[in-house]
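Asker: Residues per chain, in single letters:
2 protein chains.
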Amino acid sequence: MKIVLLGSGNVATHLAKALKAKGEDIVQVYSPNLNNAKLLADLIAAEAVDDLDDLKQNADLYIISVKDDAIETVAQSLKEVTGLVVHTSGTTDINTLSSAVKKAGVFYPLQTFSKTKDISFENIPLCIEASDGDQLAILSALAAKISRQVYELDGEKRKVLHLAAVFACNFPNHLYALANKILNQNGLDFEIIRPLIAETADKVMDNLPENVQTGPAVRADESTLNKHLSMLTTMPELQNIYQTLSNSIKLTLK
Amino acid sequence: MKIVLLGSGNVATHLAKALKAKGEDIVQVYSPNLNNAKLLADLIAAEAVDDLDDLKQNADLYIISVKDDAIETVAQSLKEVTGLVVHTSGTTDINTLSSAVKKAGVFYPLQTFSKTKDISFENIPLCIEASDGDQLAILSALAAKISRQVYELDGEKRKVLHLAAVFACNFPNHLYALANKILNQNGLDFEIIRPLIAETADKVMDNLPENVQTGPAVRADESTLNKHLSMLTTMPELQNIYQTLSNSIKLTLK
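Chains as they are written, first to last, in the numbering used here: chain H, 19 to 272; chain Y, 19 to 272.
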């Protein structure tokens with residue numbers, strides 16, 4: 019399959035490497051910043067372009083992996099292509115593409131990517147959607163090549179998933195950062211708490227989180243809850259978060 | 019070292035197994051419930067007792083691993099012993115013991131334990147404290163046998179650590195549970211989000227969380243934030259949590 023990749027960010031980079039490793043032919047990488055396009059293109063033996071007018075028109079698949087609010091603009095430049103055009107966004111409707119191009123789809127990897135950390139695509143859930151069954155079959159086959167978890171989800175479900183991901187990823191990471199803030203203010207290093215973070219995540223690999231909740235709130239241990247709240251009087255924002263989340267945990271007891 | 023263990027819960031069980039594996043001699047296990055005492059005692063070839071009057075008086079170390087509010091009562095039964103008496107609590111002051119017994123200490127493993135999941139003690143940070151230097155040396159040597167991370171922390175620092183642990187463990191687990199609630203209400207399975215949870219924790223093993231924050235709040239992506247909030251109108255408690263944590267993430271941008 020001849021693929022053109024539009025974008026050079028974290029998702030584009032990890033996806034390009036995974037596809038290349040499975041023998042897919044990524045012929046072009048587009049970025050408005052030519053240096054960024056080249057950095058990625060060189061990794062996968064593709065051509066780098068910074069002008070949408072230079073895009074090859076005969077590819078089988080166009081993967082748009084740019085910021086959500088740039089998807090529509092980029093799609094406009096693919097009006098004439100006959101290949102399938104997909105985006106990789108959790109929150110963007112497929113109609114954003116299908117109103118502009120002939121064949122539209124979604125290829126959304128549910129994961130948190132960083133430039134510096136390698137990750138095996140095999141374990142990344144891929145959520146796919148397409149404007150018709152033939153295109154869905156194409157995407158499904160491609161997804162199965164690089165991931166063991168492929169889900170066919172419509173836009174509504176994908177948006178729900180993206181919202182759940184904020185609770186399961188972005189918020190926990192921020193709570194790790196707040197824990198680090200508390201530690202640092204008291205001369206303690208983040209290192210001390212890393213094993214606890216690892217085990218907390220590991221526990222829910224085989225259990226449902228509601229069955230393995232621990233801590234003072236789920237024990238309704240008001241004495242500890244009050245001690246903790248009073249330790250946070252100089253950090254009202256953290257105090258508010260502590261109260262809000264503890265109350266929410268206590269609601270599960272009813 | 020002859021050890022008497024008072025308690026038979028998760029911490030007591032994991033600690034007993036780790037000590038036994040390193041050749042320590044746990045002679046007795048006490049629990050007010052004889053069956054519970056026996057279940058653990060049988061695993062480590064110890065005697066089970068359910069009466070505090072039956073405790074051996076000549077052990078080198080007494081480990082009190084019971085609920086926080088029962089520590090003082092249990093300690094009262096160890097008034098006459100000459101061995102070192104420690105508790106395993108993150109939030110309880112050493113004075114709770116030292117006012118009752120001759121030699122007091124703390125032996126606090128910073129981890130979340132469950133009955134059903136085995137865990138290697140080697141990677142569990144052990145926080146120790148003692149009423150004098152000789153006892154600290156004893157605890158330090160014992161801790162180093164079962165863990166690679168031993169920290170000497172006074173009560174104030176240990177309490178800070180326990181508070182940080184709530185942010186790094188109990189709250190993230192509850193957020194996993196809320197993510198699962200959102201998924202279930204929309205016919206999606208928790209399985210789909212497990213790889214994301216694993217990667218989010220794994221990322222901060224080599225990074226500080228504040229350096230790897232992702233999601234709409236840290237991008238100040240108001241359009242997505244508003245969409246998510248409107249998806250949560252039927253779940254006002256989750257909407258409140260979403261708003262509170264997103265605001266807190268945005269504060270880090272200033």
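To be clear, the hints were calculated from the coordinates, so they are not data collected in a lab. This structure is a prediction, so every number in the text was calculated from the model and none was measured. Watch out, some of these pointers could steer you wrong.
The list treats identical chains as interchangeable, and a pair is accepted whether it falls inside one copy or across any two copies.
[To be verified] Capping the alpha-carbon separation at 20 Å, the derived lysine to aspartate or glutamate pairs in DMTMM-like fashion look like this:
1) Lys85 to Glu240
2) Lys135 to Glu228
3) Lys35 to Glu217
4) Lys272 to Glu217
5) Lys177 to Asp43
Asker: Using 20 Å as the alpha-carbon threshold, which applies to Lys135 and Glu228: within, between, both, or neither?
Answerer: Close across copies (16 Å), not inside one copy (30 Å); limit 20 Å.
Asker: Can you tell me if Lys177 and Asp43 fall within 20 Å by alpha carbon in one copy, between copies, both or neither?
Answerer: Answer is neither; intra-copy 30 Å and inter-copy 56 Å both fail.
Asker: For Lys272 and Glu217, with the copy left unspecified, which applies at a CA distance of at most 20 Å: within, between, both, or neither?
Answerer: neither (27 Å within a copy, 32 Å between copies)
Asker: As a check of your reading, is Lys85 near Glu240 (CA-CA no more than 20 Å) within one copy, between copies, both or neither?
Answerer: Answer is between; shortest inter-copy Cα gap is 14 Å, intra-copy 45 Å.
Asker: When no copy is specified for Lys35 and Glu217, does a C-alpha distance of 20 Å or less occur within a copy, between copies, both, or neither?
Answerer: between (30 Å within a copy, 18 Å between copies)
The structure shown violates the earlier hints numbered 4, 5.
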